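*Asks:* Throw the hints in and build the complete structure from the sequences for me.
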Amino acid sequence: MKLFQQKAFKIFIVIFGALVIVSVIIAGIGYAKATSIVNSFQKNNKFIFQLSGFENLVSSLEKSKVVTIFCIAHYLGSLYVPDFNSNDENRNMWIKALESKDENSSSDYFPKPGIFRNKNIHLDYLKCVLKDYGFFAKIGFWFKRNHPVKTILEIIDFLQSQLMKHQISGSVLHIIDEKTIKIYNVSFSCCTVGISLGSSKSFEFGSTKDFSNRTFEYIAFIVMNLTSRTFDSPIKE
Numbered sequence: 001m002k003l004f005q006q007k008a009f010k011i012f013i014v015i016f017g018a019l020v021i022v023s024v025i026i027a028g029i030g031y032a033k034a035t036s037i038v039n040s041f042q043k044n045n046k047f048i049f050q051l052s053g054f055e056n057l058v059s060s061l062e063k064s065k066v067v068t069i070f071c072i073a074h075y076l077g078s079l080y081v082p083d084f085n086s087n088d089e090n091r092n093m094w095i096k097a098l099e100s101k102d103e104n105s106s107s108d109y110f111p112k113p114g115i116f117r118n119k120n121i122h123l124d125y126l127k128c129v130l131k132d133y134g135f136f137a138k139i140g141f142w143f144k145r146n147h148p149v150k151t152i153l154e155i156i157d158f159l160q161s162q163l164m165k166h167q168i169s170g171s172v173l174h175i176i177d178e179k180t181i182k183i184y185n186v187s188f189s190c191c192t193v194g195i196s197l198g199s200s201k202s203f204e205f206g207s208t209k210d211f212s213n214r215t216f217e218y219i220a221f222i223v224m225n226l227t228s229r230t231f232d233s234p235i236k237e
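Numbered according to the UniProt record's numbering, the sequence shown spans residues 1 to 237.
To be clear, the hints were calculated from the coordinates, so they are not data collected in a lab. Bear in mind the structure is a predicted one, so any value in this text is a computation, not a measurement. Errors might be hidden in some of the hints.
Computed cross-link-like contacts, DSS-like style, restricted to lysine-lysine with a CA-CA straight-line distance of at most 30 Å [what the hints assert, rightly or not]:
1. 179 x 101
2. 46 x 201
3. 43 x 131
4. 33 x 131
5. 119 x 33
The following label-pair restraints were derived from C-beta to C-beta distances [unchecked claim]:
6. 99 x 206: 22 to 28 Å
7. 103 x 14: 57 to 63 Å
8. 198 x 127: 29 to 35 Å
9. 47 x 154: 21 to 27 Å
10. 10 x 214: 16 to 22 Å
11. 39 x 85: 41 to 47 Å
12. 120 x 214: 26 to 32 Å
13. 29 x 214: 28 to 34 Å
Glycine included, C-beta positions come from ideal geometry on N, C-alpha and C.
*Replies:* Structure follows, in structure tokens:
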């Protein structure tokens with residue numbers, strides 16, 4: 001009996017040691033992958049933050065605090081920043097309807113595009129960005145949990161999954177403050193009038209010395225990429 005216990009203990013130690021080694025290797029690969037993604041993000045996208053139209057877009061988002069994205073047939077997409085005509089009450093009532101899943105009120109307060117729009121957004125951008133955001137990268141970002149690139153990837157991952165759910169799908173991005181946004185998912189039916197309200201999820205940006213740490217700029221970055229920096233209507237100054 002004692003010999004059996006000794007063998008069992010040795011087997012346990014070997015298995016435990018192997019698991020520790022494998023975990024360390026996975027964590028190391030993941031951290032390296034996450035670091036590579038962050039470095040690539042900074043190198044390849046830094047110019048977007050320096051474009052002349054970028055600040056106008058940020059200013060528009062500060063006024064509206066909302067971005068709406070629609071997808072038809074899992075591919076064709078459109079995006080616009082609603083113009084609430086400086087009427088915060090209309091925006092607040094619409095967000096309140098989305099929050100409470102009041103489909104009638106959400107239809108009544110549904111805003112019209114006014115600041116700028118793009119009727120042919122490139123949803124392939126979502127897949128392109130996420131191609132490196134796999135198992136190892138997600139583990140690696142656990143060690144970079146406060147990094148804004150992690151949150152940007154999580155938002156894009158969420159949008160990509162939700163916009164492909166229905167024949168006509170939509171996502172409403174509400175910028176709550178300088179750190180937090182909330183995404184509400186909606187869907188439309190060709191057979192009925194109105195919208196159906198689905199799930200929602202909040203995202204919070206961390207801070208880092210290498211980035212601006214402004215939520216409006218992060219959302220503007222996503223918008224600029226989705227639209228390939230082209231718009232069907234001019235951004236109002």
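*Asks:* Verify the CB-CB distance for residue 99 and residue 206 against the hinted window 22 to 28 Å.
*Replies:* Check passed, 24 Å falls within 22 to 28 Å.
*Asks:* Starting from the range 29 to 35 Å, see whether the pair residue 198 and residue 127 falls in it by beta-carbon distance.
*Replies:* Violated, since residue 198 and residue 127 (Cβ atoms, about 21 Å apart) do not stay within the stated range.
*Asks:* How does the Cβ-Cβ distance of residue 47 and residue 154 compare with 21 to 27 Å: does it lie in that range?
*Replies:* holds, 23 Å
*Asks:* Take the C-beta atom of residue 103 and the C-beta atom of residue 14, compute their distance, and say whether it sits inside 57 to 63 Å.
*Replies:* Cβ of residue 103 to Cβ of residue 14: about 59 Å, so the range 57 to 63 Å holds.
*Asks:* Mind checking the alpha carbons of residue 33 and residue 131 for me, to see if they're no more than 30 Å apart?
*Replies:* holds, 12 Å
*Asks:* Are the Cα positions of residue 179 and residue 101 separated by 30 Å at most?
*Replies:* Roughly 24 Å separates the two Cα atoms, so the pair holds.
*Asks:* Does the alpha-carbon distance linking residue 46 and residue 201 stay inside the 30 Å limit?
*Replies:* holds, 28 Å
*Asks:* Do the alpha carbons of residue 119 and residue 33 lie within 30 Å of each other, as the hint requires?
*Replies:* violated, 35 Å
*Asks:* Does 16 to 22 Å hold as the CB distance between residue 10 and residue 214, or does it fail?
*Replies:* Violated - the Cβ-Cβ distance for residue 10 and residue 214, about 56 Å, lies outside 16 to 22 Å.
*Asks:* Going straight from one Cα to the other, do residue 43 and residue 131 come out at no more than 30 Å?
*Replies:* Between residue 43 and residue 131 the Cα gap is close to 17 Å, so the pair holds against 30 Å.
*Asks:* Has the hinted range 28 to 34 Å been met by the Cβ atoms of residue 29 and residue 214?
*Replies:* With Cβ atoms ~32 Å apart, the hint holds.
*Asks:* So does residue 39 sit 41 to 47 Å from residue 85, Cβ to Cβ?
*Replies:* holds, 42 Å
Consistency with the previously given hints fails for numbers 5, 8, 10, ordered from lowest to highest.
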